[in-house]
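Residue numbers (the working numbering), protein chains in the order written: chain H, 1 to 335; chain V, 336 to 670.
Please keep in mind that the hints were generated in silico from the structure rather than gathered at the bench.
Note that the structure is a prediction, hence the values are computed from the model and not measured.
Worth double-checking, as some hints may not be accurate.
Claimed, not checked - Computed far set for chain H versus chain V, every beta-carbon distance over 12 Å:
| hint | residue |
| --- | --- |
| 1 | Gly-104 |
| 2 | Pro-130 |
| 3 | Ser-131 |
| 4 | Lys-191 |
| 5 | Gly-210 |
| 6 | Gly-216 |
| 7 | Asp-224 |
| 8 | Phe-226 |
| 9 | Val-227 |
| 10 | Glu-269 |
| 11 | Lys-312 |
| 12 | Val-323 |
What the hints assert, rightly or not - Here are the simulated PhoX-like pairs of lysine-lysine, each with C-alpha atoms no more than 20 Å apart in a straight line:
| hint | chain 1 | residue 1 | chain 2 | residue 2 |
| --- | --- | --- | --- | --- |
| 13 | H | Lys-148 | V | Lys-526 |
| 14 | H | Lys-148 | V | Lys-520 |
| 15 | V | Lys-526 | H | Lys-247 |
| 16 | H | Lys-245 | H | Lys-164 |
| 17 | V | Lys-483 | H | Lys-185 |
| 18 | H | Lys-133 | V | Lys-636 |
| 19 | V | Lys-580 | H | Lys-245 |
| 20 | H | Lys-247 | V | Lys-603 |
| 21 | V | Lys-483 | V | Lys-468 |
Just so it is clear, CB atoms sit at the ideal spot from N, CA and C, and this is done for glycine as well.
Protein chains: 2
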Amino acid sequence: MKIIIDAMGGDHAPSAPVRAAVRAADELDVEIILVGRTEDIERELSESSYNKERISIVHADDVISNHEEPAKAVRSKKNASVVVAARMLSDGEGDAMLSMGNTGALLASGLLTVGRIKGVIRPALATLLPSAKGPKMLIDAGANTNCKPENLAQFAVMGSIYMKNVLGIKDPTVGLMSNGEEEGKGDELTKASFPLLKAAPVNFIGNIEGRDVMEGSADVIVCDGFVGNVILKTVEGMGHVVSDKVKGIFTNGLFTKLGALFVMNGLKEFKRTMDYREYGGAPLLGTKKPVIKGHGSSDAKAVFSAINQAKKFVETSVIDDIVNNISGMEEKSHD
Amino acid sequence: MKIIIDAMGGDHAPSAPVRAAVRAADELDVEIILVGRTEDIERELSESSYNKERISIVHADDVISNHEEPAKAVRSKKNASVVVAARMLSDGEGDAMLSMGNTGALLASGLLTVGRIKGVIRPALATLLPSAKGPKMLIDAGANTNCKPENLAQFAVMGSIYMKNVLGIKDPTVGLMSNGEEEGKGDELTKASFPLLKAAPVNFIGNIEGRDVMEGSADVIVCDGFVGNVILKTVEGMGHVVSDKVKGIFTNGLFTKLGALFVMNGLKEFKRTMDYREYGGAPLLGTKKPVIKGHGSSDAKAVFSAINQAKKFVETSVIDDIVNNISGMEEKSHD
């Protein structure tokens with residue numbers, strides 16, 4: 001299996017992607033193609049010994065930064081690392097691609113170059129969030145600002161398939177994010193989506209509320225990309241602030257530092273639960289081949305998690321299942 | 336000053352409202368009118384000595400529960416405690432009202448019985464949320480599921496006035512909740528609202544994102560009631576889960592219990608930051624007189640905070656300032 005990595009994307013590029021690639025080539029039984037500026041990548045690679053048969057470099061001159069307008073950058077920079085990576089994936093030179101760079105550029109490349117699965121109206125970004133009951137999926141986490149009910153129904157189907165295949169959850173529950181649990185609650189979009197989710201081939205449990213995100217009441221949380229982005233960033237921001245506060249408790253004076261010694265294991269466990277690095281990347285669901293967005297601030301550990309996740313994505317039948325179930329939905333809607 | 340309290344609303348009614356009223360009558364220089372079933376209220380009152388000159392009871396036979404459809408219940412139950420309280424406020428028998436009961440019923444009573452300030456299109460529920468930089472306001476936190484740009488502009492003005500008057504924040508900053516910081520980001524509503532917020536008499540700092548909620552980047556966070564409800568409940572839910580986890584760190588075995596002794600003060604401080612009870616209730620802004628929603632799970636301490644907040648609301652010029660600024664906005668839009 002070959003995984004194509006945009007080596008130039010993310011806050012810690014190329015260091016984090018390259019170091020993660022070295023580790024993955026050792027531990028995961030995968031080949032890695034690093035796409036980006038050869039010189040920069042080689043400089044990073046030279047700092048460690050690595051499996052030369054499993055890691056190769058494909059040169060790409062350009063980089064799309066986080067500040068660029070995505071669609072425009074993807075059109076104009078044909079030799080940007082993320083664009084080259086997507087073209088290679090589309091051409092069959094790899095089995096999955098991963099980028100920690102500009103989210104919009106990755107989405108545009110996935111949509112335009114890798115392409116949609118037939119019947120999928122819009123691919124969606126699916127993020128795993130920590131909860132009291134383990135990782136849960138938020139879909140759409142930001143790919144589609146304006147959605148229709150049909151989009152949300154497809155998100156539910158694609159998200160369920162991923163959670164079943166990659167996370168091994170049997171018959172994952174699906175909740176529709178709303179402002180109340182009762183069926184009548186919601187804005188125009190969620191009210192119109194409710195019956196479609198009910199009819200979709202998923203384990204729909206009805207409307208859920210914001211508090212259900214962290215309580216882990218549903219395995220798949222369905223919403224449009226605007227609401228999903230707000231939820232994702234609210235949770236991330238709160239994670240940072242709370243971690244800082246908890247850390248602060250243990251750094252004020254000698255007594256509390258002593259206290260920290262007593263609770264070291266508990267603290268580590270707490271930190272792990274709140275740590276996005278444990279949860280890999282966010283798959284773009286609905287494209288013909290696996291495309292994964294790693295967190296922009298990913299360190300080597302986080303990129304390694306995302307590579308591992310890409311591998312599971314490829315090994316399981318996510319794409320085939322989406323192909324089969326989405327075409328099934330289409331047929332139903334023509335009945 | 337007379338504060339009217341729906342003594343029958345909330346998970347801990349009538350105990351919590353009555354006990355809070357007893358304390359407020361002692362400590363806050365306010366008179367309290369408790370509205371609800373006389374027998375139930377008297378039974379609670381009989382359990383403590385209280386200032387009889389400052390606490391009175393107005394009988395109301397009915398109660399609207401959390402499970403009832405609000406608008407219907409308010410129309411059909413003319414003698415429900417919340418409806419009677421709103422009628423009394425409207426008739427000038429008190430200066431502010433507070434309820435911990437059914438949110439929709441309070442909103443409907445506020446809107447229909449207390450009435451809107453001239454020029455206010457829709458009143459909004461404004462909640463204070465904890466952040467790294469102190470309490471910040473989320474408006475609308477759930478009163479209006481579907482909003483227009485003009486609504487959001489008015490929410491910004493009303494929220495700023497409240498933060499200035501009641502929380503003493505000079506020139507409060509206003510952020511528009513969106514899915515990106517750049518001016519062009521957002522869904523249809525936020526894009527159309529951006530220029531109106533820019534033109535409004537507020538200290539508008541542009542779009543903000545979910546992470547800014549807890550980071551406290553804006554004093555007033557403006558959004559529609561659907562998004563606001565999702566944010567509020569996501570934060571509340573995360574607060575519960577995190578508090579449980581942090582508590583869990585200190586209850587696993589003797590060593591960690593010893594650890595807790597060392598960090599007691601820090602832990603208390605942390606808990607206080609995450610504790611909604613410190614932040615009082617959520618004012619409904621845009622009604623002719625102060626209406627405040629207390630959290631449904633409020634204990635006596637939380638109800639006391641909300642009474643204190645109601646007092647500040649009455650003492651300051653929030654209502655007058657809204658009257659003056661909203662009519663100013665109307666005039667501008669006719670230029």
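Can you give the numbers of the hints that this structure goes against, from lowest to highest?
-> 1, 2, 3, 4, 5, 6, 7, 8, 9, 10, 15, 16, 18 and 21
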